[in-house]
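Student: Produce the entire structure from the sequences given, and follow the hints as far as they go.
2 protein chains.
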Amino acid sequence: MKHNFGAGPCILPKEVFQEAAQAVIDFNNSGLSILEISHRSKDFEQVVIETEALVRELLAVPADYSVLFLQGGASQQFAMVPMNLLPEGGKAAYLDTGVWASKAAKEASKLGNVEIVASSSDKNYTYIPKVFTVPTDAAYFHYTSNNTIYGTEIFEAPKVNVPLVVDMSSDILSRTINVADYDLIYAGAQKNMGPAGVTLVIVKNDILGKSGRTIPAIFDYRSHALAGSMYNTPPVYSIYVSMLNLRWLKAKGGIEVIERENIIKARTLYDEIDRNPFFRGTANLEDRSRMNVSFVMDTAEQEAEFLELAKERGLIGIKGHRSVGGFRASIYNALTLSSINALVDAMKEFEERYK
Amino acid sequence: MKHNFGAGPCILPKEVFQEAAQAVIDFNNSGLSILEISHRSKDFEQVVIETEALVRELLAVPADYSVLFLQGGASQQFAMVPMNLLPEGGKAAYLDTGVWASKAAKEASKLGNVEIVASSSDKNYTYIPKVFTVPTDAAYFHYTSNNTIYGTEIFEAPKVNVPLVVDMSSDILSRTINVADYDLIYAGAQKNMGPAGVTLVIVKNDILGKSGRTIPAIFDYRSHALAGSMYNTPPVYSIYVSMLNLRWLKAKGGIEVIERENIIKARTLYDEIDRNPFFRGTANLEDRSRMNVSFVMDTAEQEAEFLELAKERGLIGIKGHRSVGGFRASIYNALTLSSINALVDAMKEFEERYK
Chain A
0 MKHNFGAGPC ILPKEVFQEA AQAVIDFNNS GLSILEISHR SKDFEQVVIE
50 TEALVRELLA VPADYSVLFL QGGASQQFAM VPMNLLPEGG KAAYLDTGVW
100 ASKAAKEASK LGNVEIVASS SDKNYTYIPK VFTVPTDAAY FHYTSNNTIY
150 GTEIFEAPKV NVPLVVDMSS DILSRTINVA DYDLIYAGAQ KNMGPAGVTL
200 VIVKNDILGK SGRTIPAIFD YRSHALAGSM YNTPPVYSIY VSMLNLRWLK
250 AKGGIEVIER ENIIKARTLY DEIDRNPFFR GTANLEDRSR MNVSFVMDTA
300 EQEAEFLELA KERGLIGIKG HRSVGGFRAS IYNALTLSSI NALVDAMKEF
350 EERYK
Chain B
0 MKHNFGAGPC ILPKEVFQEA AQAVIDFNNS GLSILEISHR SKDFEQVVIE
50 TEALVRELLA VPADYSVLFL QGGASQQFAM VPMNLLPEGG KAAYLDTGVW
100 ASKAAKEASK LGNVEIVASS SDKNYTYIPK VFTVPTDAAY FHYTSNNTIY
150 GTEIFEAPKV NVPLVVDMSS DILSRTINVA DYDLIYAGAQ KNMGPAGVTL
200 VIVKNDILGK SGRTIPAIFD YRSHALAGSM YNTPPVYSIY VSMLNLRWLK
250 AKGGIEVIER ENIIKARTLY DEIDRNPFFR GTANLEDRSR MNVSFVMDTA
300 EQEAEFLELA KERGLIGIKG HRSVGGFRAS IYNALTLSSI NALVDAMKEF
350 EERYK
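Chains as they are written, first to last, in numbering that gives the first Met the number 0: chain A, 0 to 354; chain B, 0 to 354.
Some clues are possibly wrong.
Note that the list lumps identical chains together, so a pair holds whenever it fits in one copy or between two copies.
Below, computed lysine-lysine pairings styled on DSSO-like, alpha-carbon distance capped at 30 Å [to be verified]:
{"id": "1", "residue 1": "158", "residue 2": "102"}
{"id": "2", "residue 1": "90", "residue 2": "203"}
{"id": "3", "residue 1": "109", "residue 2": "90"}
{"id": "4", "residue 1": "158", "residue 2": "90"}
{"id": "5", "residue 1": "310", "residue 2": "41"}
It is worth saying that the hints were derived from the structure and are not from the lab.
Keep in mind the model is a prediction, meaning the values are calculated, not measured.
Tutor: Written out as structure tokens, the structure reads:
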């Protein structure tokens, strides 16, 4: 039994893998593989329609927003957001809460002026800056809602007077949000939505087409919105598996149900980190992420030993990112409470061994 | 028994589908799905390394070229090529041999000046223009080697005195080429390389970094070359299935062997088109494609009836593109001669019925 705590691409439900494998042999009893069908076939058009409908239903997306399935991950959105929203010579505001937030700002700065309204780089991104002012002449304000590497998360949409853009790659679909609070939400799929290879964009239609830039069609959100995510050949299989995963989430009871589970999972693990004298969390208490739990031990020897124990217990993917060290348990939607318990048991076992 | 003549995403070998399905359940006996593993895991890094090595071996790619696996298909390359190669205010030359060639030129024209050196739009792209002059001050010359919709193909690399860029989406890996004749080759994978979701780029390193433009990192070929196609999370599964397909091609004997088969397949079908009084080819004889065979009948009634007969015989995906009409049989690497024979048999059957 493996418990996959990997940071992404990450665990998806077993039943999704079963159906996803079957479709590679025979999709919808067509006698054809999902990998060899035309993206213009009725069967696949239905997949795109259902995937979009599931996103709209699960997140209660308002009608005046487009739901797009693109390629290139969040990294491509770092460039597409300013291409679409930042006029030549204009300014965009960014909150710097980690390496990815910082990369997003850096890419935007190639296309215009960027103002970093606040940064937590002074303490290795262990906290979320709470006090900052977004200039009213900014074309938009960008932030990263969950910082995968550091284990911090922003649950409330900041109140700002400019269009609000958020990178939700690692917490989309894990908790209820009010989509209307945002103007553009993007997320690489490979955490809670599906496998690598597809990117979700939810964008309010009326913010588009105002940057005055000449944008190649492939980078213009409007091309994709007009074509129902079929402007060019879409990543067929990644969208199909996302649909299966969204069906699973809906059958489970939707976002509210998974959010309750995620809260319990995170609390169970943080409680053990706070109780067990051999471990301590790295993120500021009030900014702790429900998706990525970062923690360390006192010495490199202990950490090496615990990593070995974890491996023996089938706990994989818990080594921390090099910029934080220690451990990072990514506990996305599909990771079960029993996997959390297996990790907690290993932590208790370590304590027993040395107390 | 289905015979899949679809234009793409298209047929791949049955054994590739079997292995591809197995990996969705259990990849490399890891107990994990290929869909849930980290792209930074050793196992997946090995996949990228092997996929690149297979492309290099099969196409004999010179050492001073990078082999990249990107996202966004050929449509994204329509923008990335001028971003990387066309200086501000510079000029690029394009050959217009069809809708896709024309779209490539249109996207480039958003970033600079484009000169169309010749076009076959006067005869609905049924032929390849042979006489044209590429201006010596062009930053590059771009053409499309196989025109999927019209069934025409350019087998010889044009001799030009500027960097040569080719969209080989629908004939890459189907015939021997001399990579050194080109400076940049790109191809959406979903014909002869693998499933949708990954794009192959083969680029001569020393043509990069000269456009003088500030390019977002995700659109700069150098970012991907430096990072071994791991600048950002790659389309894991699409690359994996491409590797399986390239292994199949290598085991078969490589490009020379598949090229011989492709020549026989195309000749078998064209011979029947030319012999059978009910059918006629649409493309200029000397420009006929080996990948996409376009043909028509005399009346819409005949075409409807043949389409029905084809369906009964398990021949799918042969309806022609709306801009040509009639039929298009896409006969990529994985389509077998026995599928060609099944189509030829149906054509003979139709002839018997009405002669």
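Student: Each hint should be assessed against the structure and marked as holding or not.
Tutor: Right, here's what the structure says about each hint:
{"no.": "1", "hint": "158 with 102", "verdict": "within (23 Å within a copy, 42 Å between copies)"}
{"no.": "2", "hint": "90 with 203", "verdict": "within (20 Å within a copy, 36 Å between copies)"}
{"no.": "3", "hint": "109 with 90", "verdict": "both (11 Å within a copy, 23 Å between copies)"}
{"no.": "4", "hint": "158 with 90", "verdict": "within (18 Å within a copy, 46 Å between copies)"}
{"no.": "5", "hint": "310 with 41", "verdict": "between (46 Å within a copy, 16 Å between copies)"}
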